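Could you build all of it, start to finish, from the sequences and the hints given here?
Chain residues, written in single-letter form:
Number of protein chains: 2
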Amino acid sequence: MGSLPTESLSVEEHQQQQVEMDDTSRTERARWLLNSPDPPSIWHELAGSIREAFFPRNKLSSSSRVKQTWRRSAFSFLRGLFPILNWGRNYKASKFKSDLMAGLTLASLSIPQSIGYANLAKLDPQYGLYTSVIPPLIYALMGSSREIAIGPVAVVSMLLSALMQNVQDPAADPVAYRKLVFTVTFFAGVFQSVFGLFRLGFLVDFLSHAAIVGFMAGAAIVIGLQQLKGLLGISHFTNKTDVVSVLGSVFSSLHHSLHNLTIPSLLCDFLAVLVSSEFRPRLFLPYLPLNCKEAIAVGRSFASIKGYHLDGNKEMVAMGFMNIAGSLTSCYVATGSFSRTAVNFSAGCQTVVSNIVMAITVLLSLELFTSLLYYTPIAILASIILSALPGLIDINEAINIYKVDKLDFLACIGAFLGVLFASVEIGLLAAVTISFAKILLNAVRPGIELQGRLPRTDTYGDISQFPMAIKTPGILTIRINSALFCFANANFIRERIMRWVTEEQDELEETTKRTIQAVIIDMSNLMNIDTSGILVLEELHKKLASNGIELVMASPRWQVIHKLKSAKLLDRIGKGCVYLSVAEAMEACLASKFAALSNC
Amino acid sequence: MGSLPTESLSVEEHQQQQVEMDDTSRTERARWLLNSPDPPSIWHELAGSIREAFFPRNKLSSSSRVKQTWRRSAFSFLRGLFPILNWGRNYKASKFKSDLMAGLTLASLSIPQSIGYANLAKLDPQYGLYTSVIPPLIYALMGSSREIAIGPVAVVSMLLSALMQNVQDPAADPVAYRKLVFTVTFFAGVFQSVFGLFRLGFLVDFLSHAAIVGFMAGAAIVIGLQQLKGLLGISHFTNKTDVVSVLGSVFSSLHHSLHNLTIPSLLCDFLAVLVSSEFRPRLFLPYLPLNCKEAIAVGRSFASIKGYHLDGNKEMVAMGFMNIAGSLTSCYVATGSFSRTAVNFSAGCQTVVSNIVMAITVLLSLELFTSLLYYTPIAILASIILSALPGLIDINEAINIYKVDKLDFLACIGAFLGVLFASVEIGLLAAVTISFAKILLNAVRPGIELQGRLPRTDTYGDISQFPMAIKTPGILTIRINSALFCFANANFIRERIMRWVTEEQDELEETTKRTIQAVIIDMSNLMNIDTSGILVLEELHKKLASNGIELVMASPRWQVIHKLKSAKLLDRIGKGCVYLSVAEAMEACLASKFAALSNC
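First to last, the sequence lines map onto chains E and R.
Letter 182 of the first sequence, counting from 1, is numbered 182 in the UniProt record's numbering, and no numbers are missing.
Letter 133 of the second sequence, counting from 1, is numbered 133 in the UniProt record's numbering, and no numbers are missing.
If you are wondering where the hints come from, they were derived from the structure by calculation, not from laboratory data.
Note that the structure is a prediction, hence the values are computed from the model and not measured.
Among these hints, one or two may not hold up.
Since the list gives no way to pick one copy over another, a pair counts as held whenever it fits inside one copy or between any two copies.
List time: in silico EDC-like cross-link candidates among lysine to aspartate or glutamate, alpha-carbon distance up to 16 Å [unchecked claim]:
| no. | residue 1 | residue 2 |
| --- | --- | --- |
| 1 | Lys568 | Glu539 |
| 2 | Lys406 | Glu45 |
| 3 | Lys513 | Glu397 |
| 4 | Lys406 | Glu587 |
| 5 | Lys513 | Asp38 |
| 6 | Lys471 | Glu504 |
Here it is, written out as structure tokens:
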């Protein structure tokens, strides 16, 4: 037919043609949605994520320009594994001067802390010092952070002794206990390297930031209280980590030494045992995620100050190897220390060479002053440990968390109280449980909202969020505000929609004697729908249809449209009820409304 | 200044003014988003949902026109509680004729089934018949479904005996067992009414449709196998419900009767005991959700055929009261039977009067033929039960579920195998666990997608879903495809975004020697963000900024924008980076790009 000359048409005909054209293009655009290719199936996605985990897409191999010889690609692989090959070539004397100063500062802090933390881990002091030598050297070869200070840290030391003394009493057989600790260090290293190599670093993400803040604060207080043993010179001290046991021990010792009264001290002990439950599952590696996550977070936060990128998975590999190497050379678990990293940073370190300087200094001191260091008074060790603890308690961050997210704060407090009053495991468990309960709650929270058009746009928004939003009489626009339309919320959402429809109908009848024409359900937020959801949708359609109301679906996502198609729901409801956006659905509804009116 | 006359401006000035106006209105619209009122806090929402649960908004009380006297509102309350007062006034003889026929048909089916199901519940036959008399009469007064057939059902009877015989052995002390069953019935009724009255019906929604399909099929097979006892006349039969135990019993009995060999039968028993674990938590009410949910689903599906509305919570109240009344008159748990409801519907019932007719017929038969009914051969009872079972196994629906949703199918199979090979509780537990694991998986699935503009629209879509989508060079549009940006997926999403940015940068440099100007993150799908997510977002901003790339956020939802504001992130990133929609963000980016180009 070609294009008709517009001049030959009357204005009305022209308008008519325009409306038809709009209709056609709208239908055509809806067809894009309906005929979109199938989304990747669950098997496909599974295979994809495994492939991605094992064979991460390599930037160099994907760009075809760079023709690499075998030797070159091997070298680039080595450079990836050992970043020192990259920056080592440009290393200058001026940088070394800064690193030397930073390294010496670091060593002056590391030596007493390592001895103190070894004490916390119930190991002899030299093992703490060893841990400040070998792991930093390995990290210097493999790690990419420039500021991180590697060595033993307070929380991990405490966790290690708290968990391991359930398996082997350090007082009864120190050699067996030591062997156990090295074995655990070895396996922690293996897990870290495997997770890192297979790019499974995200698996350690099951502790939220809030939970870690709470956990750290609780651990700091517990560690601090345990130092009372050293400070007060108490000989019979509890092996438990919770506040009640520790304070019970302290009071009982005080009573004992003051009065030698047995009944109050017995009562005190009894209370302590009563309150702290005996439930301690023998977890082997609960501190692994904490350990990795904190170290990577420490490295990352300083890296972001200097504006360079840190690959979490690569860091995990480096830390894994350093712990494996450490476990073979009598070191226990090392990681990045927040307080010492901060000192390293302020002392002006340029590269990880400061860690090498520190390690060599510690090694020299081990050779020269071991006998002196060995006799550091326990009370001094206790105060060294105590001085490092306040940095672990971040009250400001806790206040921030409270302000931003009440449920996150609950996870934070749960972890804090769990560590404080029960045990390390209970604290971790509380944090993880609350965090995941929060996800569940958010996912199935049956939120729906009434939408209105924002003035001078095609965008629709919640009428409570945007007071200026305009509702279209006779057409309800409802957005489902949850990621899933599933068994857990489908019925609730259906009831809520039906109630709104009834209310709107009543109001409309009261004011204009008209009825609702259509309900547009904005599905843009729905990531997925399950069979229960599809059943409810069909029911909703039937119920609305029996009241003469059209059910229109706007912007269903890929998975949703696929499910609706495979459940044959669109065949039953009619494919004309799906539109690309709320605005297009609204246009279509208004068009059919005017058509109906002009037919009258 | 007033409006300047357009004629006095040159074309360029006019364009310039237009661009500025666009800019202004875009900023103004972004301000709508930034200045939107705070979303209801978590306390507010909690209070709201409690208020809604306890004082559901009454349609009549909200409309001020209808001035109701006290007497009138009391009557409307009564009519709400007893729907019979509504439809009873219009009840006609013609309707009664249909109901009489349907009721008699129903009774002919109910009498043998009630006796059989009482046998399944390990009760004497008369209790099954009582359950077909009192509860239907109470339901007739209070229920709103017209087609539902009330009485004992197979699955609930089996569940009851499977769970109760752990507490009290029916063979050892039938009177105590019977009292226990009536007590359980009473409490089931109380829970149902309380849930219904407080509109907490959604609490029973934790079993998905798929799980129920699997559970029902498993239960049907287990019930069927148990009938082998009656059919084969085996005297020593297992009390367990799993397939292995039951088949073990059957084979052992067969062996026993055939050979009187003890070793194989002992072996068989031993195997049965070994395989079926002894783990049976003493749950009192696990069948409550199933019971309620199925009954309401049955009523609802038939109601939707006839096109009337059924309030789930009201139905729960009616069923609760009928079970309370039943427990006081020697009935056990009654609910809506799917098979008999279907018969009632096809027999042409008009109202719930068919239930009354059925109840009276059963009552008469109880009076007249008890002695005869009492001696119904067990084998016949077994075959009556068997005949009702195939309806519970819905293979087509299972195939449908497999086609639509693989993970739903996993829940279905889990429930099926759990019931079949372990126990009723394990089956339920498996179903609930898989269902919730699926929700978790979906919520934190770290999906992100690259978007492009759909031709001739302002809508942006996934470039893999819409092959016709157009990418804008130099500006990456990325949508986060999960409901939460939280500790569990934030790091993963950050890594993925950074990788895409690097890839795009490489490609862009290769082809046009230009660089990426901006990354637009479409947040429309994010329902919420936690403190970990906010940290990651800030890090992302810093990292992109250090590469000279702008981070722009499009259409963050109410909760998200509120969290970003209260975490002061917007103050740090700059409020100019938030736009109402992707289209507006894109316009702003392009405008600033052109401004930068024209400044060069």
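- Query: Which of the listed hints are not met by the structure?
  - Reply: The structure breaks hints 3, 4, 5; every other hint is satisfied.
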